[in-house]
Structure formats: structure tokens, C-alpha cells
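Undergrad: Line order of the protein sequences matches chains A and B. Going left to right, the first sequence walks through residues 909 to 1346 as the working numbering numbers them. Going left to right, the second sequence walks through residues 238 to 650 as the working numbering numbers them.
The set of hints was computed from the structure by calculation and includes no laboratory data. Be a bit skeptical, because a hint or two may be false.
EDC-like, lysine to aspartate or glutamate: derived pairs with alpha carbons at most 20 Å apart [claimed, not checked]:
{"#": "1", "chain 1": "A", "residue 1": "Lys1163", "chain 2": "B", "residue 2": "Asp468"}
{"#": "2", "chain 1": "B", "residue 1": "Lys562", "chain 2": "A", "residue 2": "Glu1158"}
{"#": "3", "chain 1": "A", "residue 1": "Lys1163", "chain 2": "B", "residue 2": "Asp469"}
{"#": "4", "chain 1": "A", "residue 1": "Lys1163", "chain 2": "B", "residue 2": "Asp336"}
{"#": "5", "chain 1": "B", "residue 1": "Lys627", "chain 2": "B", "residue 2": "Glu544"}
{"#": "6", "chain 1": "B", "residue 1": "Lys427", "chain 2": "B", "residue 2": "Asp532"}
{"#": "7", "chain 1": "A", "residue 1": "Lys1055", "chain 2": "A", "residue 2": "Asp1123"}
{"#": "8", "chain 1": "B", "residue 1": "Lys562", "chain 2": "A", "residue 2": "Asp1029"}
{"#": "9", "chain 1": "B", "residue 1": "Lys529", "chain 2": "A", "residue 2": "Asp1172"}
{"#": "10", "chain 1": "A", "residue 1": "Lys1163", "chain 2": "B", "residue 2": "Glu332"}
{"#": "11", "chain 1": "A", "residue 1": "Lys1163", "chain 2": "B", "residue 2": "Asp330"}
{"#": "12", "chain 1": "A", "residue 1": "Lys1177", "chain 2": "B", "residue 2": "Asp532"}
{"#": "13", "chain 1": "A", "residue 1": "Lys1151", "chain 2": "A", "residue 2": "Asp1091"}
Partial list, derived from the structure: chain B residues whose beta carbon lies under 10 Å from chain A [unchecked claim]:
{"#": "14", "residue": "Thr464"}
{"#": "15", "residue": "Asp469"}
{"#": "16", "residue": "Leu508"}
{"#": "17", "residue": "Gly528"}
None of the values given here were measured: they were computed from a predicted structure. Just so you know, even glycine gets a beta-carbon here, dropped at the ideal spot from N, CA and C.
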Amino acid sequence: MDQFFQQLVNGLTLGSLYALIAVGYTVVYGIVQLINFAHGEVFMIGAFGALSTYLLFFDGHTSVWILPVMIVGAMAASVGTAVLMERVAYRPLRNAPRLAPLITAIGISVFLQEFIRLLYDRPGWAVLAMAGLTLFAAYLLGARFTKVPLDHPITKWRDRAPLLAATVFALAVWALLRLAERDLSIVITLAAIVGGLIVGTAAGLLFAVGVTGTDRAKALLQPIAVVAVATGVLMELGWLIFKEIIAKVEWPSAKQLIPFPQIDVVTGKAIEIGNVTIQRSAVFTIFALAVCAALLWFFINRTRLGRGMQAVSQDPDTARLMGINVDRIIVVAFALGAVLAAIAGVSQGLQNNNIDFRMGFLAGLKAFTAAVLGGIGNIQGAVVGGLVLGVVEAMATQYVPGQFGGGSWKDVWAFVLLILVLVFRPQGLLGARVVDRA
Amino acid sequence: MGGTVQQRSVVRVGASLIVASLALTACGSRSNNDNGGSTGSTTKTAKIGVIAPLSGDLSALGLGIQHSVELAVKQANDSNAIPGWKLEVDAKDDEGKTDPGKNAATSLAGDPAVIGVVGTLNTSVAQQVQPVLAPKNIVQVSPANTGPGLTQGAQWQSDPKRPYATYFRTCTTDAVQGPFAARYLYETAKITKVATIHDKKAYGQGLVGTFTEEFKKLGGQVVSAQTINPDDANFQAVVSAIKPSAPQALYYGGEYPKAGPLSQQMKAAGLNIPLMGGDGIFDPKYIQLGGKTSDGDLATSVGAPVEALDSAKKFVADYNAAGYKEPYAAYGGYSFDAANSIINALKVSLKDAKDVESARKATVDAMASVSFDGVTGKVAFDQYGDTTSKVLTVYKVAAGKWATVETKDFATK
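Modelling step: build the complete structure from the supplied sequences, incorporating the hints.
TA: The following block contains the structure:
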């Protein structure tokens, strides 16, 4: 009997982890009918975000108050990745055939794995990532200053060209100056910003005159200048952070498993109840799932944004007519999934004591199974599906006898269960039968 | 103003690029001249290949092998060990997997300048590499393969037969390492009940097999035998499965990337017994992954501890002086000896050879009579290509470091 309870605890721990990730699949699917196959990588980036936060600020410490900061770091990394992913990979394909976002998802997933692996091996590449982010942020900032609606469907590429040219040229000035003089000095910093402003604005105006004419160029002067200055300032800020913080940390090579930090209270000696051992990290994981589920329920049912999500998931077109900003709701759905995935990433790091850049793949696949098991699109279903999957896996390793038993077969049962559910109850355990709109 | 700033920096960048490229080409041409000048006559080139995991989980071990071979070859070139010939190292990555290993071997076998190969790390990879190198008579010396079948055939226990005459190794085998660990646990540590886990790869399986056999023969009891998947990261299930049988120690067949987390998770789950493994877990990275609770864990490794031998001190000093980025790791000494055994054979076979391909057969023949004092002790090979040395050492984790417990010559009973 002890053995049964032991496996139940193990199963619930594992299941909580799956459930936390599965919610991300289900929320996004419920709103845009898209399986975000890169969600496993969002989970992986959560774990790496927590580890990076630890290495940057607390290397060598173990006290428990670090954990909330690590979780915030993990969430920032995950949410950032998910939102960016939605913007660059999924939004442009919103009305494309269903196969297209699926293929991008796989591409994004491989990209994110390799990105993390390379970034940890060569932290210097963080500067390139910063340059990309700066371009993006400066452009968004500049777009706010224009009266021309740059996000409008009829906007052509050439309408955006002046702003883009300004940031690219400002960035080029910055890069050339920093290649010549790497150390931070006030003169170079100012030169990079002022030089970027002048060259960037000139280039932007040139483009504006070239493609749209002088009148348009006059109206664009202010946004172009804003964009050029923002590029310089953001890049200098990024460079300062890189020089003073990132470059001073000794990053472990991501080619191998990376040990995850040990935190007091949540790791360490296990709790014994009778003959059942409960690891502290398991308590943390189950507790995290309970809290997240409660908050999620509150958010979806009691807040304006949450009710907006419900409306969009039922009928996006009518919701839009009712004045709901569907784009924003979709971003919120991605972010919500990412927050839970980040917590799962930290939990897995604490449980396994190590992380690696490939950890998202199998975890993502299992969580997807859990989401389908519970009925994809149904949030309670994802939680139940995750827990069921975890318990089945743990019980099967214990009680399936002989040749097919034991730890080495544990990954098989998840997918056997998936096939059984798809054959006998295709809508999932808690899903309602729906007519496919496609 | 912006224009001038930009212009000036362009000039500076351009100038520094030109200077850098000049410096690089200058370096290259000078070293060429050196090599040409030192022998006075035309030098011919022979290549020693390396097949080891240079990326992936096991790259710490693989890079140690590569650099140790580079060191041996550099010393041979500097001392002009083989007059008229210059040696080069051609390192290929096998990622610790069979297919890339086979590709690496094929590409080395296709190079007419390759005379010998040091590698591989994994027994499973060696099984793929042997049949590629053997038909071309390229001698292969492994610093790390411990699978007994590689030298003595599949029926090595009942009917030993050498499958490939080109294969040699400088480390002892699982036929010795598993039983050595079993004797230590039963006779010295007085442990009678153990559980075993292996990762289903040739190395882990072989190690656990020979360990189990010897442990039972001594009178001990194997209370639980489990396996894990090579890609697992969470070992809760397997730990829960062995816990009720209350073993006094766990013997693990596999390498440190899994063994470290396994040890950590085992102890976090309240199973406070030492984990013992073979040379595959004898690496500083094991302790890093195993955390603080890895104190008391044990490992056997082939040979005597490299730092303790007089013959090894020079190697360690030379290695550190050469400034390689990665440490020589568990197999550095064996790799250095493996490279030197090939170099010693080449002294005989290459002396009057006109090209590499005609000297390959003679090199394989010359390997049989190689005998010198290496980093890890006396280096010589028996009729199967195995090292004649049967010295092994037990190490224990103490205060976050591997410490030597005992070094013994393994005697067959």
C-alpha cells in the first residue's frame, strides 16, 4: 500500500508539471484554434530564464527569497518569447491555411533550442539579440508618433521603410563606433547617440522623400528622429548591461546538462510520512499548480479581460463587432500560457536538479497529450488531463509486470492513453462534442 | 559631424582588419617555414585521426582525448621522433553516437594520409568504427572502450577470439572493472545487498553484467535490477521502484550526465546509499551534477590516478603548459599513451616507407611489440590487443572532489 501512495505522489507531481504546460496549449487553442507546437520551448526558456536570473544576481546563494525573483525572471523570459513569437510567427499567418502556422511552429521550436544553446556557449551573441530587440522596440515606439496607421491592412512595406531605415542606420553607426572602441566611455556613448540621430534621421528622410514625396517626409520628421534616438539610447543601455553584468558571469556550456541551483526550503531532505517520501520540490510543484489554477479561474471568470477571452473563444467575429480587441486577447492568451510554462520550468529544474536545451521537446509533447486528453480548449480539462497522465505513467511503471514494466517503458503509456482516448472519446475527457468549423 | 565620426571609424575598423589578416597570414607562413627548415629535406605527412565526442553531453571527455593526442603529436614533431615525417592530428566528432562515429571513420579511412586513429570513447561507437578501419589496415587504439567483446569477440567469456587485428586499447575492460567494483563493495565496504541500474547502452549493460556475476559469486545479493532510458532526466520512478528492496548501495552502469542527477534525485527522495559506477562517471562534472549529496559516492577507473604517478606529472605539467581550454579529463593519460603507442610503432614502420598507405600493414604488426613506460604505467598489448596492465583504482567523492581510496592490481581468481 505504501508503494501505491508513493507512486500516487510521484504521479501527481509529474502530472502537475504536465498540467501547468498543458494549460498553455489549451488556452491558445481555445482562442485561435492553433496548436502552438513551440510551447515546449517556452517552458524550456522559462527554466533557462530562472537559471540566468540566478547566475546574474545570486550566484552561490541558496536562501529561499531568491525563488520569487527567479520565478519573475523565468516569467519575463517566457512571456517575452511567447509574445514575440505570436507577433512574428503567428499573427502574419492569422488567415493563412492551418498547415502554415503548424510549420512555422516547428521552425520556431528548433530555432529557440539552437538559440539557447548558442547563446549559452557564446554570451557575446546577446548583443546581436539586443540589436534585434532594439530595432523592434524603436520601430514600435516610432510608430506611436506617426499619424499614418502603420498597422493598417492597406499599409505597404514602403510606408514603413523610412522608420526602419532610420533605426537600421542608427544601429549601423552604433555598431561601427563600438567596433572601433569597445570600452564604455561617455564620449563614444554620446557620439553613438548623436551620430545615430543625425545619420538615422537623414537616411529615414531620404527614404521618405524617395518613396512617398516631400509632404509625407515632413510629417514623418518627428517619428524618424524619435526612432533614431531610441535606437541609440536602447543600444547603449543594452551595451552597458552586457558589459557590466552579462559579460562578467561565467556561463556554463549548454552543450551539456546544466545543474539547476539548489534553494533552501524547496530542495533538500525529503519529507517522510509513514513510508511515503515526498520531495520538497514535489510539494512546490503541486502547490504551484493549485495556486495557478485558482488564479486562472478567477482571471477567466471574474475579470473583464478574462470574459473577453471567453467571448472571443466562442465567436471571434461577433466579439470583434462588440468592441473587443481580438489581437490583444490573443496576446494575453499566449502570455497566460507562458506564465504557467515558466513556473513549470522552474519546478522541473528544482525537481530534476538539471536542465538542458532539449528538455522542452518531450515535456511539450506530453503536455500536448494531456491537453488533448482533457479536451483541447478546455482549461479544467488540461489540468485534469495532466494529472491523469502523470498518475497513469507512475502507476504503469510500478504495476505493469514483466517485460513491459519498469521505468524504461514509462514514455509509452502516455501515448497509448492518447490513442485510446482519441478512438473512444475524441472530444477528450471533459471536452464537449463540437461541430468542426473548418 | 556624424559623417566624419562614421568615416573615421570605418577607417579604423578597416585598418585593424587589414592588420589582423596580415598578422594571420604572416603566422601561417612562418610556421610552415619552421617545419620545412628543421628536417632539411622534404617532409612527408602522416595523419593520426581522433574519433571522440567533441560536442554533446560527453564532450568534456572527448575534448580531453583530442587535446592529449595533440600534445603527444606536438611533442613527437618537436623532438623529430620520426625523421623525414611530420605528424598531424585530424579530429572528428562522433557526438557519442554510432552513426556520426561511422561517418567519421569512413571519412578518415578515405584519407590516404591517415595511418592510425585514437578513439573512440564509447564501446557502442567502436563497434561501428572497427569494421570500417580494419579493411584499410588503419590501426585503432582506444583510450576508453571497456567492452570486452571488442578485443575478444562476442563469446569472450567462453571462447575468446580476436575479431579485428587492427584494434588495440590502453585501458582495462569491463571484464575487470565490474568485478573489481564488486570485490570492493563486498570485501572492503562489507556491503551484501545492492541494486543495479544501467542505461541500456553497450558500456552500461556490460559493466552491470560483469559486476552482477562477480557480486553473486562472492555471496552478495542483487535485490533489484532496473534500467533507465538514455534520454531520461527524471528518475523518480526508478528510485521509487528500488527503494522498497532496501539495498545498501546502488551500482550504476553508464556515464556521468545521467549518473549525477540520478544520485542527486535518489538522495532527495530519501534513499541515502552510495552510488557506485565505472570510469564513465569518474569526472568532475559528475560531482557538479550530483550536488552536495554526492559525497560518499564511488567510482572505479582504469589505471592508477594520473596525478599520483611520477610518469604522469610531466604529462600534467606539459598539458597545462600547452594551454588547452578544456582539462584532460578522465582519459587524457590513456589518450596520450594511445597516441604514443602509435608513434612508437611508426618509428619502426614509417622509417623506410615511401608513402602512408604502404606502411599501414607494417604499423599494425609493429603495434604488437610496442612497449614503453607511459603516463598510466607500462604500455604493452597482449595477443588480443588489450593492455597488459590490470591496475584499477577506487575513487570516492569527499568534500566535492574525487579522492583516491585504493589502487590495486586485479588478480583473476
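Undergrad: Does the alpha-carbon distance linking lysine 1151 of chain A and aspartate 1091 of chain A stay inside the 20 Å limit?
TA: 8 Å, holds
Undergrad: Does aspartate 1123 of chain A lie within 20 Å of lysine 1055 of chain A when you go C-alpha to C-alpha?
TA: Holds, because 13 Å separates the two Cα atoms, which is no more than 20 Å.
Undergrad: Quickly compare the C-alpha distance for lysine 427 of chain B and aspartate 532 of chain B to 20 Å and report which way the hint goes.
TA: 19 Å, holds
Undergrad: Sort out whether glutamate 1158 of chain A lies within 20 Å of lysine 562 of chain B, counting only the CA atoms.
TA: 14 Å, holds
Undergrad: Does the structure keep lysine 1163 of chain A and aspartate 330 of chain B at a Cα separation of 20 Å or less?
TA: 14 Å, holds
Undergrad: Let me know if the C-beta of aspartate 469 of chain B comes in closer than 10 Å to any C-beta of chain A, holds or violated.
TA: Holds, about 7 Å.
Undergrad: Check whether the Cα positions of lysine 1163 of chain A and aspartate 336 of chain B lie no farther apart than 20 Å.
TA: 19 Å, holds
Undergrad: Holds or violated: are the alpha carbons of lysine 1177 of chain A and aspartate 532 of chain B at most 20 Å from each other?
TA: 15 Å, holds
Undergrad: Is lysine 1163 of chain A within 20 Å of glutamate 332 of chain B, Cα to Cα?
TA: 11 Å, holds
Undergrad: Holds or violated: lysine 627 of chain B with glutamate 544 of chain B, Cα cutoff 20 Å?
TA: This hinted pair holds, its Cα atoms lying about 18 Å apart.
Undergrad: With a cut-off of 20 Å on the C-alpha distance, tell me whether lysine 529 of chain B and aspartate 1172 of chain A pass.
TA: 13 Å, holds
Undergrad: Take the C-alpha atoms of lysine 1163 of chain A and aspartate 469 of chain B, compute the straight-line distance between them, and say whether it is at most 20 Å.
TA: Cα-Cα ~16 Å, so holds.
Of the numbered hints given earlier, the model fails none.
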